[in-house]
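Throw the hints in and build the complete structure from the sequences for me.
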Amino acid sequence: MKPPIRVLVAKPGLDGHDRGAKVIARALRDAGMEVIYTGLRQTPEMIVNAALQEDVQVIGLSILSGAHNAIVPRVMELLREKEMADVKVVVGGIIPDDDARELERQGVTRVFQPGASLDTIVACVREAAGLQ
Amino acid sequence: MQPVWMAHHYNQVMAAAAGQFPYTRGIHEGMYRDRLWTMRQFSGFSTPEETNRRYRYLLEQGQTGLSVAFDLPTLMGYDSDDPLAAGEVGKCGAPVSSLEDMETLFAGIPLGDVTVSMTINSPAAVIWAMYLVAAEKQGADISRLSGTLQNDILKEYIAQKEYIFPPRPSLRLVTDTIEFGARHTPRFNPISISGYHIREAGSTALQELAFTLRDGLEYADCALERGLGIDEFAPRFSFFFNAHNDFFEEIAKYRAARQLWATLLRDRYGAKDERSLKLRFHAQTAGCSLTWQQPYNNVIRTTLQAMAAVLGGAQSLHTNSLDEAFALPSEDAVTLALRTQQVIAYESGITAEPDPFGGSYHVEELTAKLDAGAREYIRKIDAMGGMVPAIEAGYPQAEIAQASYEFQKKVESGEAVVVGVNRFRSEEERPLELLRIDAAAEAAQCAKLRRLRGSRNNAAVSKALSDLAREAEGSANLMPALLGAVRAYATVGEICATVRSVFGCWQERPNI
Numbered sequence: 300m301k302p303p304i305r306v307l308v309a310k311p312g313l314d315g316h317d318r319g320a321k322v323i324a325r326a327l328r329d330a331g332m333e334v335i336y337t338g339l340r341q342t343p344e345m346i347v348n349a350a351l352q353e354d355v356q357v358i359g360l361s362i363l364s365g366a367h368n369a370i371v372p373r374v375m376e377l378l379r380e381k382e383m384a385d386v387k388v389v390v391g392g393i394i395p396d397d398d399a400r401e402l403e404r405q406g407v408t409r410v411f412q413p414g415a416s417l418d419t420i421v422a423c424v425r426e427a428a429g430l431q
Numbered sequence: 005m006q007p008v009w010m011a012h013h014y015n016q017v018m019a020a021a022a023g024q025f026p027y028t029r030g031i032h033e034g035m036y037r038d039r040l041w042t043m044r045q046f047s048g049f050s051t052p053e054e055t056n057r058r059y060r061y062l063l064e065q066g067q068t069g070l071s072v073a074f075d076l077p078t079l080m081g082y083d084s085d086d087p088l089a090a091g092e093v094g095k096c097g098a099p100v101s102s103l104e105d106m107e108t109l110f111a112g113i114p115l116g117d118v119t120v121s122m123t124i125n126s127p128a129a130v131i132w133a134m135y136l137v138a139a140e141k142q143g144a145d146i147s148r149l150s151g152t153l154q155n156d157i158l159k160e161y162i163a164q165k166e167y168i169f170p171p172r173p174s175l176r177l178v179t180d181t182i183e184f185g186a187r188h189t190p191r192f193n194p195i196s197i198s199g200y201h202i203r204e205a206g207s208t209a210l211q212e213l214a215f216t217l218r219d220g221l222e223y224a225d226c227a228l229e230r231g232l233g234i235d236e237f238a239p240r241f242s243f244f245f246n247a248h249n250d251f252f253e254e255i256a257k258y259r260a261a262r263q264l265w266a267t268l269l270r271d272r273y274g275a276k277d278e279r280s281l282k283l284r285f286h287a288q289t290a291g292c293s294l295t296w297q298q299p300y301n302n303v304i305r306t307t308l309q310a311m312a313a314v315l316g317g318a319q320s321l322h323t324n325s326l327d328e329a330f331a332l333p334s335e336d337a338v339t340l341a342l343r344t345q346q347v348i349a350y351e352s353g354i355t356a357e358p359d360p361f362g363g364s365y366h367v368e369e370l371t372a373k374l375d376a377g378a379r380e381y382i383r384k385i386d387a388m389g390g391m392v393p394a395i396e397a398g399y400p401q402a403e404i405a406q407a408s409y410e411f412q413k414k415v416e417s418g419e420a421v422v423v424g425v426n427r428f429r430s431e432e433e434r435p436l437e438l439l440r441i442d443a444a445a446e447a448a449q450c451a452k453l454r455r456l457r458g459s460r461n462n463a464a465v466s467k468a469l470s471d472l473a474r475e476a477e478g479s480a481n482l483m484p485a486l487l488g489a490v491r492a493y494a495t496v497g498e499i500c501a502t503v504r505s506v507f508g509c510w511q512e513r514p515n516i
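The listed protein sequences correspond, in order, to chains A and B.
Residue numbering for the first sequence follows the working numbering, starting at 300 and increasing by one per position.
Residue numbering for the second sequence follows the working numbering, starting at 5 and increasing by one per position.
In short, the hints are calculated from the structure, not lab data.
Even glycine gets a Cβ: it sits at the ideal position worked out from N, Cα and C.
Heads up, some of the hints might be wrong.
As a list, the in silico EDC-like pairs of lysine to aspartate or glutamate whose alpha-carbon atoms are at most 20 Å apart [said to hold, decoys possible]:
id	chain 1	residue 1	chain 2	residue 2
1	B	Lys414	A	Asp418
2	B	Lys141	B	Glu53
3	B	Lys384	B	Asp271
4	B	Lys413	A	Asp329
5	B	Lys276	B	Glu236
6	B	Lys413	A	Asp418
7	B	Lys276	B	Glu222
8	B	Lys414	B	Glu253
9	B	Lys276	B	Asp235
10	B	Lys414	A	Asp329
11	B	Lys467	B	Glu477
12	B	Lys276	B	Glu33
Derived contacts from chain A toward chain B, CB cut-off under 7 Å, selection only [said to hold, decoys possible]:
id	residue
13	Gly315
14	Arg318
15	Ala324
16	Gln412
17	Leu417
Okay, here's the thing in structure tokens:
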């Protein structure tokens, strides 16, 4: 049997609205994945270090504050610096269309906007983990 | 499933009229016949200058009160130029780092004449001190100022998670503002005990009601322990509830809240002043019900939710804008949201009678059920030793997370219908014109702050901050020391760092 997919769910930035992150974490766990939830107010450095220590295949970032353009590129840069480019990043939150396309251009596997279904998100994480 | 209500099912005594204990039907006899609710749109973005322009615009459009949204760095006690603030300045609200920003925020708006609500929690005492000094500098008499400080830290640990210090020292700060308010600003609400964020975090209506009222009891206990009498401070407690989708359940929730608060205050504390017993509340339509898909549907959702708040007897109301699933509202969108309230107030006729659903079998039954359910939750939390131990044990947080996950699964299965999202979808979506926060705003804020640090009397700032640290180590009311620091133009970041060095920080145990 293949070992379960390991996912880090993280809340970067100052925002405390963790409803989405927690729902996603539970949905991924119910789908049989091993989920590590970082809790709130993680810096990009803390997130990438946790991803390294926990040996995850996928990082899920939840950002609702509008700070995604400052935070997500920094996470991608740190992953490249630490030669962890095989770790896939998915982002969820209030991300305008233009920003979503730009983040995907920078290497984010997928940006989920409000209304995305749990099924789609679970399938995407599964696929991302399989792509390694 | 309850059979359709018939007269013979109904054997409850009709509740007392509006304006009479336990105020189920409203806190005033005539309700909106005598006075409409305050139309108060929550607003703040980009810079204090931009936000000031939006406030003047809203007042010109017939808004009757102001409500300040602060940005995340301010809410978390960081200045705009703090490295942790990068990318967050002005995004979710107005940045206010110093008295100077506060003065800019209200330039040309006479604080003696307008009521202002401020959504600020962990650094509420600091921001309030800035507000009071700004009002004083405008020539206002602070004993006559009227407005509301959200200042409900318990619901931050429970739901919104914008906390800095641990619960117990945070409660000391809240109690300081309640005590200071009782003595110096008798017309200001030092706290708005909020269920809104609990509901937005995914709670049920019952959990919103129960946790909010239990939080209110916790604050009352703190103020009593400080030596204040119940009727000295309880009249200035205000509340803030969500106005969510389930129309009749929401109306019943407000009715249950009023009767519960009145009986709890009488029975637990022996409150006698009827102003202590009357639960006054602000309502905001449910942000979490807004959808990104088919955003014009949000206008309809907001209208129904606002009607529930009005039919439930709200004292003030914020209606969300149709574009708020995407961004802070554009001027056009917020104008439509305000017009929604004005149409309800002046055209619909639903304001004619207090509590028009009083006596409806359905609404009375829902009210009774919510009342009983809330009492059960309150008993449970009492048994845990109060809300602080309950929060430390993660109890309300876990209850809410469970409810929100269950709801999401219902959306996923289609059992809960979200029009335009899981039913009645459209292929083509018409994009909205959205408000974008100019990235230059952050740089401009930082430059202003640098100038301030260069031009103020820094020796006075240091002295004020060390006075504050000394007072924080003791047990005195911190408001005088905070007012001193603010007058010297110490910043939010400097003041919160000083208090943090004494009180420490709160870290929630991450738990899914």
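Taking the hints in turn, this is what the structure says about them:
The hinted pair formed by B:Lys414 and A:Asp418 meets the criterion: a straight-line CA distance of about 13 Å does not exceed 20 Å. Of the pairs offered as hints, the one joining B:Lys141 and B:Glu53 holds, with about 18 Å between alpha carbons and a cut-off of 20 Å not exceeded. For the hint pairing B:Lys384 with B:Asp271, the CA-to-CA distance comes to about 18 Å; that is within 20 Å, so the pair holds. Between B:Lys413 and A:Asp329 the alpha-carbon distance is near 11 Å, which keeps this suggested pair within the 20 Å criterion.
Our distance criterion of 20 Å between C-alpha atoms is met by B:Lys276 and B:Glu236, whose separation comes to about 11 Å. Distance hint between B:Lys413 and A:Asp418 is fulfilled; the C-alpha atoms sit about 10 Å from each other, no more than 20 Å. For the given pair, B:Lys276 sits about 19 Å from B:Glu222 by alpha-carbon distance, which is consistent with the 20 Å threshold. Restraint check for B:Lys414 and B:Glu253: satisfied, since their Cα atoms lie roughly 19 Å apart, inside the 20 Å limit.
For the proposed pair B:Lys276 and B:Asp235, the alpha carbon gap of about 7 Å is at most 20 Å, so the pair holds. Only pairs whose Cα atoms come within 20 Å are accepted, and B:Lys414 paired with A:Asp329 is accepted, the gap being roughly 15 Å. Using a Cα cut-off of 20 Å, the hinted pair B:Lys467 and B:Glu477 holds, with the two alpha carbons roughly 16 Å apart. A hinted pair counts as satisfied when its Cα atoms are at most 20 Å apart, and B:Lys276 with B:Glu33 qualifies at roughly 19 Å.
Interface restraint check for A:Gly315: the shortest CB-CB distance to chain B comes to about 3 Å, inside 7 Å, so the restraint holds. Look at A:Arg318: its Cβ gets to within about 5 Å of chain B, closer than 7 Å, so that hint holds up. Using the Cβ-Cβ criterion of 7 Å, the hint placing A:Ala324 at the interface with chain B is satisfied: the shortest such distance is roughly 4 Å. For the restraint placing A:Gln412 at the interface with chain B, the shortest Cβ-Cβ distance is roughly 6 Å, inside the 7 Å limit, so the hint holds.
Look at A:Leu417: its Cβ gets to within about 5 Å of chain B, closer than 7 Å, so that hint holds up.
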